Amino acid sequence: MNKAIISILGQDRPGIIAAVSDLIFRQDGNIENVSQTILQSEFSGIFIVSLPEALDLDRLRSVLQEGLDPLGQHVIVRPVRTDAPVYSPSQNREPFVITTRGPDRKGLVARITGVIARFGVNVTNLQAIFKGGAAPGDNVMIYEVDIPATVDQKILRRALRAEAEALDLEISIQHRHIFEALNRI
Amino acid sequence: MLHPQEILSTLDMLRHEHLDVRTVTLGINLFDCARRDPERACTAIRQKIREKARNLVSVCDEVGDKYGIPVVNKRIAVSPIAAAAASLDAAGMLRVAHTLDEAAEASRVDFIGGFSALVEKGIASGDQALMDALPRALAETERVCASVNVASTRAGINVDAVLRMAAIIKDAAALTAAADGLACAKLCVFANIPQDVPFMAGAYLGIGEPDAVINVGVSGPGVVKSAIERALAADPGLDLGRISELIKHTAYKVTRVGELIGREVAERLGIRFGVVDLSLAPTPNVGDSVGEIFQSLGLVSIGVPGSTAALALLNDAVKKGGAFASCNVGGLSGAFIPVSEDLNISEAAQRGDLGLEKLEAMTSVCSVGLDMVALPGDTSVETLAGIIADEMAIGVINKKTTACRLIPVPGKAAGDYAHFGGLLGESVILPVNHGAGPNAFIRRGGLIPAPIQSLVN
Chain A
1 MNKAIISILG
11 QDRPGIIAAV
21 SDLIFRQDGN
31 IENVSQTILQ
41 SEFSGIFIVS
51 LPEALDLDRL
61 RSVLQEGLDP
71 LGQHVIVRPV
81 RTDAPVYSPS
91 QNREPFVITT
101 RGPDRKGLVA
111 RITGVIARFG
121 VNVTNLQAIF
131 KGGAAPGDNV
141 MIYEVDIPAT
151 VDQKILRRAL
161 RAEAEALDLE
171 ISIQHRHIFE
181 ALNRI
Chain B
1 MLHPQEILST
11 LDMLRHEHLD
21 VRTVTLGINL
31 FDCARRDPER
41 ACTAIRQKIR
51 EKARNLVSVC
61 DEVGDKYGIP
71 VVNKRIAVSP
81 IAAAAASLDA
91 AGMLRVAHTL
101 DEAAEASRVD
111 FIGGFSALVE
121 KGIASGDQAL
131 MDALPRALAE
141 TERVCASVNV
151 ASTRAGINVD
161 AVLRMAAIIK
171 DAAALTAAAD
181 GLACAKLCVF
191 ANIPQDVPFM
201 AGAYLGIGEP
211 DAVINVGVSG
221 PGVVKSAIER
231 ALAADPGLDL
241 GRISELIKHT
251 AYKVTRVGEL
261 IGREVAERLG
271 IRFGVVDLSL
281 APTPNVGDSV
291 GEIFQSLGLV
301 SIGVPGSTAA
311 LALLNDAVKK
321 GGAFASCNVG
331 GLSGAFIPVS
341 EDLNISEAAQ
351 RGDLGLEKLE
361 AMTSVCSVGL
371 DMVALPGDTS
381 VETLAGIIAD
391 EMAIGVINKK
401 TTACRLIPVP
411 GKAAGDYAHF
421 GGLLGESVIL
431 PVNHGAGPNA
441 FIRRGGLIPA
451 PIQSLVN
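Keeping their order, the protein sequence lines are chains A and B.
Residue 14 in the numbering used here sits at position 14 of the first sequence, with consecutive numbering throughout.
Residue 9 in the numbering used here sits at position 9 of the second sequence, with consecutive numbering throughout.
Because the hints were derived from the structure by calculation, they are not lab data.
List time: in silico EDC-like cross-link candidates among lysine to aspartate or glutamate, alpha-carbon distance up to 20 Å:
#	chain 1	residue 1	chain 2	residue 2
1	B	Lys248	B	Glu6
2	A	Lys154	B	Asp61
3	A	Lys154	B	Asp65
4	A	Lys154	B	Glu62
5	B	Lys66	A	Glu94
Keep in mind that this is a model prediction, so the values were computed, not measured.
Make a model of the complete structure from these sequences and hints.
Laid out in structure tokens, this is it:
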């Protein structure tokens, strides 16, 4: 059994997921995971599928692209590597949420993630909304991150606060449990 | 994955609606510090508090940082000193008060509660000594809070103790006349005092409690007010049933914060977690007021007709939401209406929308009582005792906690202003009906027997 990751990008419209899953089914593939979202008017879907050994990935890509052309979707197919992963998160880590709000400008995500990456902290989810302008509530970045136990949180917090201050951003760094405790039963 | 709205609404509560943990209170049992010699008793008390409270403030700050939720006050509550130091005389009790004050300062907490006596059925020698020491203990210390339980549903009302407390309040006020009787702000007279209140001035560690325990007081009047206003902006036709439901949900959230922080502080200190006290506790800041909630509900001001019903709705919804959020609920749990500590309530008193009688009526449905009420300096001991006895009766008959924190402000009259400073706030002095006159009823003394409600076995 081969595994592949398929990415579909294009303008959103009804029928995209139906078409993709039907095309995979017809190739005798099995969908293991899907993550799909819509950003503004754009559709983005990522599928991890298991496929018959005999199925060539170039062939799969051309079948998918041909089938999705009428829906205006772009297709990328890559094999999923089953050997040792490049990054394996340490067992001992804590989930935190970093939130920034402040005036929009270019490079905000790059500067904040630059600090996060320097400390070897992995971003597990990022949601950002930039409506532009100076109203802080209109421009929000939410990073869900896993901070390894080996990272000195005081130094990380200091570095993030310094970067946020330089960018005129309000920043908060909070353990994820506070949001779960407040909002979920 | 968290929904952005879950994160952003939480941040709004923190930044704009004063969501915080109002107090983490470490209860410390002092019964093993009993000594006949005052010096040795004070040494034992000092050592025990130092040992248990050493890391309280730093751990609260660390946990607060981790979750981004400030723990505003860190406090200590100890066993009732009248029982824990029962063999001492008044001079010895005064030394204990100073020791508690020093121990609180060394532990970097702002208040220490438990300079307390339980006298609902009679005054023992330790109680007598503590009560004799009370005026000076309150006037000469900065951080020591005192409480005396003079009534309970099971025992009735000890009117002798009520009279004694009224005289103590007058003495404490006189000793701090230059500060508008500030000493009285650290003294609560209770009916049905709970054993695990984390809030001052009534916090003490009950006799049935463990050697050390962490109790948490949450707050959040600003969060409740904002939730009501947001909901009414979205749907102006909301009826009171749906508003009650909304307050319940909000109280759930606030309580969960206290529970999370309290449990982690307790775990890190290696001390048992006790209770979350689900109280809406205001401060004199705009947006952190229980009084403002009344206006959000549609009343012109706290104190106008409808206020008691509004407070009943609020108090009940807070309890229901909080009880679902935590299995360890205790303390006072309800809504506080401290006049000087809540800017909006203080302004209502100033305008004449809220008087002593309406306040008393409202205490029949809230969690505390006549709290931080400034009265004319010439209010007689008997009148003060009458006010306290009335408040105790509400608690005793309704099987609930009530308390009085009354400040007869020396040299000032109704309509003047009293300034207590900081979290204690400021307030107009409320007029008292027949304030300076005699009261033969109260002077009869004795015990008002336990009501029929006490026969529950």
